[in-house]
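K.L.:
What follows is each chain in one-letter form.
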Amino acid sequence: MAGKIKEMIDLIIGQRAKGNPMLERVIKSKLMLKGVNPKKYDSGSPDDPAVLQKLERMMHTLK
Amino acid sequence: MKIKSAFSTQDTADASVNELATNLAPLNPKMVLFFASTKYDPESICQQMQDAFPQSQVFGCSTSGEITSGQMFSNGIVAMAFSDVALQDLSIQVVEDLQDGQALNDAFAAFEAHVQAPMAELDPSKYVGLLLIDGLAGAEEAFIESIGDLTNVIFIGGSAGDDLKFAATQVYANGKSYRNAAILALLKPGVEFTFIKTQSFRDLGKTLEVTRADESRREVIEFNGKPAAVGYAEAVGTTVDKAPEFFMQNPVGLFIDDEPYVRSPQQIQGTSILFYCGVVEGMELSLLESTDMIEDTRQAIEQAREDLGGISGIINFNCILRTLELTQKNRTADYGKLFEGVPTVGFSTYGEQFIGHINQTATMLVFK
Numbered sequence: 001m002a003g004k005i006k007e008m009i010d011l012i013i014g015q016r017a018k019g020n021p022m023l024e025r026v027i028k029s030k031l032m033l034k035g036v037n038p039k040k041y042d043s044g045s046p047d048d049p050a051v052l053q054k055l056e057r058m059m060h061t062l063k
Numbered sequence: 001m002k003i004k005s006a007f008s009t010q011d012t013a014d015a016s017v018n019e020l021a022t023n024l025a026p027l028n029p030k031m032v033l034f035f036a037s038t039k040y041d042p043e044s045i046c047q048q049m050q051d052a053f054p055q056s057q058v059f060g061c062s063t064s065g066e067i068t069s070g071q072m073f074s075n076g077i078v079a080m081a082f083s084d085v086a087l088q089d090l091s092i093q094v095v096e097d098l099q100d101g102q103a104l105n106d107a108f109a110a111f112e113a114h115v116q117a118p119m120a121e122l123d124p125s126k127y128v129g130l131l132l133i134d135g136l137a138g139a140e141e142a143f144i145e146s147i148g149d150l151t152n153v154i155f156i157g158g159s160a161g162d163d164l165k166f167a168a169t170q171v172y173a174n175g176k177s178y179r180n181a182a183i184l185a186l187l188k189p190g191v192e193f194t195f196i197k198t199q200s201f202r203d204l205g206k207t208l209e210v211t212r213a214d215e216s217r218r219e220v221i222e223f224n225g226k227p228a229a230v231g232y233a234e235a236v237g238t239t240v241d242k243a244p245e246f247f248m249q250n251p252v253g254l255f256i257d258d259e260p261y262v263r264s265p266q267q268i269q270g271t272s273i274l275f276y277c278g279v280v281e282g283m284e285l286s287l288l289e290s291t292d293m294i295e296d297t298r299q300a301i302e303q304a305r306e307d308l309g310g311i312s313g314i315i316n317f318n319c320i321l322r323t324l325e326l327t328q329k330n331r332t333a334d335y336g337k338l339f340e341g342v343p344t345v346g347f348s349t350y351g352e353q354f355i356g357h358i359n360q361t362a363t364m365l366v367f368k
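Chains as they are written, first to last, in this note's numbering: chain U, 1 to 63; chain E, 1 to 368.
Among the clues, some could well be false.
[Claimed, not checked] Below, in silico cross-link-like pairs of lysine-lysine (DSSO-like), each with a Cα-Cα straight-line distance of 30 Å or less:
id, chain 1, residue 1, chain 2, residue 2
1, E, Lys226, U, Lys28
2, E, Lys2, U, Lys40
3, U, Lys39, E, Lys329
4, U, Lys28, E, Lys126
5, E, Lys368, U, Lys28
6, E, Lys39, E, Lys4
7, U, Lys39, E, Lys206
8, E, Lys126, U, Lys18
9, E, Lys226, U, Lys40
10, U, Lys28, E, Lys197
11, E, Lys126, E, Lys188
12, U, Lys39, U, Lys6
13, E, Lys39, U, Lys18
14, E, Lys226, U, Lys54
15, U, Lys18, U, Lys39
16, E, Lys4, E, Lys206
17, U, Lys28, E, Lys206
18, U, Lys54, E, Lys206
19, E, Lys39, E, Lys329
20, E, Lys368, U, Lys18
21, E, Lys176, E, Lys39
22, E, Lys126, E, Lys4
23, U, Lys6, U, Lys28
24, U, Lys28, E, Lys188
25, U, Lys28, U, Lys40
26, E, Lys4, E, Lys368
27, E, Lys337, U, Lys6
28, U, Lys6, E, Lys206
29, U, Lys6, U, Lys40
30, U, Lys54, E, Lys4
31, U, Lys18, E, Lys188
32, E, Lys206, E, Lys176
33, E, Lys197, E, Lys126
34, E, Lys2, E, Lys197
35, U, Lys39, E, Lys368
36, E, Lys197, U, Lys40
Calculated directly from the structure, the hints in this document are not laboratory data.
Computed from a prediction, not measured in an experiment: that's the story for all the values here.
Construct the complete structure from the given sequences, taking the supplied hints into account.
P.N.:
Take a look at the structure:
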């Protein structure tokens, strides 16, 4: 499977930033400090379970 | 006057607190923030500060040196008072156990009850958070990351110091002293505010990818697939034995939007390198080289002044490694002068927070 990481990153940024460019930058910074560089993932990127777990934890906190 | 700062270097807590109260009490402050040397007994200083400002919310932490308007010094206390014009509203919460994840959730629940709104929805242009955290618990990364997951409000702060004794750091709130704890303050300023995150380094264009790490120990085991000490020494152009001599001038940084989030090497252990803050496997770090801290900080303050159209107060969390570099270069007086004429409080920290946990940086909250 591939592309799930990019999908989740987009979802997190969309949910949290709601289109605010300043918040988008902040959320991307938060992801990078967790070791997830949004620029490194596209729709063909393999679904790395360790990265997915970090993103799932972040999404869970947002609910 | 909306914001006022004061300092004291008197020998006793009694005398110092009296001096601060004489200067700040006439403002009838809504909040008093203080940073104090460990020469003052922790229990006494926090209780006396609260007693001196009975109508105010009072909090602070221990330091490894203090900063105020025009001066950088040590073995003293600095405090900043905020009037109800500068600060419309605030809530202070104490997280008494940094390892207890539920404690942070409880603090956020208390904030939500106070502001009557979900923290995830709070407007970060109207609210700002301050964080003062134990500087020896090694818990900052997870803590600030959890805060960042819970809200869009920016929390900025510093890790408490203890005058370089590395024995015990303290955070203070409401007349009590805490260890392995954090003070969180949610502020709704009555004036505009902005942030400064300044570090004085340039990118040397050499990438060190963390290929193996023990994140819980802040340990890099491998850079670029080689033992970390070897990878770092090769990048700097020295031997492993001499590599620690380069740590202060040549830390590494995670670049985000062309800005380094600095990770400072602490020591070589075996063939690994231990850092002063977290490093995560997969991070691509850049080798840095130090530049002129005074000039870079001056420019950062000027930029903030221009953005806001004036400055009425600065809270400065300045890394102890920056202070040590300034001391080594005999430039602490020059650094202090950067804040001349502006109400300022700050301290030399064991770590700085701005979105994440960082090193060799000054993070500042600046009020218009």
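K.L.:
Determine for every hint whether it applies to the structure shown.
P.N.:
Do the hints match the structure? See the list:
For the proposed pair E/Lys226 and U/Lys28, the alpha carbon gap of about 29 Å is at most 30 Å, so the pair holds. Pair hint E/Lys2 plus U/Lys40 does not hold up; C-alpha atoms about 46 Å apart against a cutoff of 30 Å. Only pairs whose Cα atoms come within 30 Å are accepted, and U/Lys39 paired with E/Lys329 is rejected, the gap being roughly 40 Å. This hinted pair checks out: U/Lys28 and E/Lys126 have alpha carbons roughly 21 Å apart, not beyond 30 Å.
As the CA atoms of E/Lys368 and U/Lys28 are separated by approximately 28 Å, the hinted pair is consistent with the 30 Å bound. Only pairs whose Cα atoms come within 30 Å are accepted, and E/Lys39 paired with E/Lys4 is accepted, the gap being roughly 24 Å. At roughly 19 Å between alpha-carbon atoms, U/Lys39 and E/Lys206 fall within 30 Å of each other, so this suggested pair holds. For the hint pairing E/Lys126 with U/Lys18, the CA-to-CA distance comes to about 17 Å; that is within 30 Å, so the pair holds.
The hinted pair formed by E/Lys226 and U/Lys40 meets the criterion: a straight-line CA distance of about 23 Å does not exceed 30 Å. About 17 Å separates the Cα atoms of U/Lys28 and E/Lys197, which keeps this hinted pair within 30 Å; it holds. For the proposed pair E/Lys126 and E/Lys188, the alpha carbon gap of about 6 Å is at most 30 Å, so the pair holds. Note on U/Lys39 and U/Lys6: the hinted pairing holds, with a Cα-Cα distance of about 9 Å set against a maximum of 30 Å.
For the suggested pair E/Lys39 and U/Lys18, the alpha carbons sit about 48 Å apart, so the restraint of at most 30 Å is broken. Distance restraint check for E/Lys226 and U/Lys54: the Cα-Cα separation of roughly 26 Å lies within the 30 Å cut-off, and the hinted pair is therefore satisfied. For the hint pairing U/Lys18 with U/Lys39, the CA-to-CA distance comes to about 19 Å; that is within 30 Å, so the pair holds. Taking the CA atoms of E/Lys4 and E/Lys206, the gap is near 45 Å; set against the 30 Å cutoff, the hint is violated.
Restraint check for U/Lys28 and E/Lys206: satisfied, since their Cα atoms lie roughly 23 Å apart, inside the 30 Å limit. Using a Cα cut-off of 30 Å, the hinted pair U/Lys54 and E/Lys206 holds, with the two alpha carbons roughly 28 Å apart. Of the pairs offered as hints, the one joining E/Lys39 and E/Lys329 holds, with about 25 Å between alpha carbons and a cut-off of 30 Å not exceeded. At roughly 27 Å between alpha-carbon atoms, E/Lys368 and U/Lys18 fall within 30 Å of each other, so this suggested pair holds.
Note on E/Lys176 and E/Lys39: the hinted pairing holds, with a Cα-Cα distance of about 17 Å set against a maximum of 30 Å. Between the alpha carbons of E/Lys126 and E/Lys4 the distance comes to roughly 21 Å, so the proposed pair stays at or under 30 Å and holds. Our distance criterion of 30 Å between C-alpha atoms is met by U/Lys6 and U/Lys28, whose separation comes to about 12 Å. Distance restraint check for U/Lys28 and E/Lys188: the Cα-Cα separation of roughly 25 Å lies within the 30 Å cut-off, and the hinted pair is therefore satisfied.
Using a Cα cut-off of 30 Å, the hinted pair U/Lys28 and U/Lys40 holds, with the two alpha carbons roughly 12 Å apart. Distance check on the hinted pair: E/Lys4 and E/Lys368 sit about 13 Å apart at the alpha-carbon level, within 30 Å; holds. The hinted pair formed by E/Lys337 and U/Lys6 fails the criterion: a straight-line CA distance of about 47 Å is larger than 30 Å. Pair hint U/Lys6 plus E/Lys206 holds up; C-alpha atoms about 27 Å apart against a cutoff of 30 Å.
Taking the CA atoms of U/Lys6 and U/Lys40, the gap is near 9 Å; set against the 30 Å cutoff, the hint holds. Simply put, U/Lys54 and E/Lys4 have alpha-carbon atoms about 43 Å apart, too far for the 30 Å limit, and the pair is violated. Of the pairs offered as hints, the one joining U/Lys18 and E/Lys188 holds, with about 22 Å between alpha carbons and a cut-off of 30 Å not exceeded. Proposed proximity of E/Lys206 and E/Lys176 is contradicted: the alpha carbons are some 47 Å apart, above 30 Å.
Only pairs whose Cα atoms come within 30 Å are accepted, and E/Lys197 paired with E/Lys126 is accepted, the gap being roughly 19 Å. With a C-alpha separation of about 24 Å, the suggested pair E/Lys2 and E/Lys197 falls inside the 30 Å cut-off, and the hint holds. The straight-line distance between the Cα atoms of U/Lys39 and E/Lys368 is roughly 35 Å, outside the 30 Å bound, and the hint therefore fails. Using a Cα cut-off of 30 Å, the hinted pair E/Lys197 and U/Lys40 holds, with the two alpha carbons roughly 25 Å apart.
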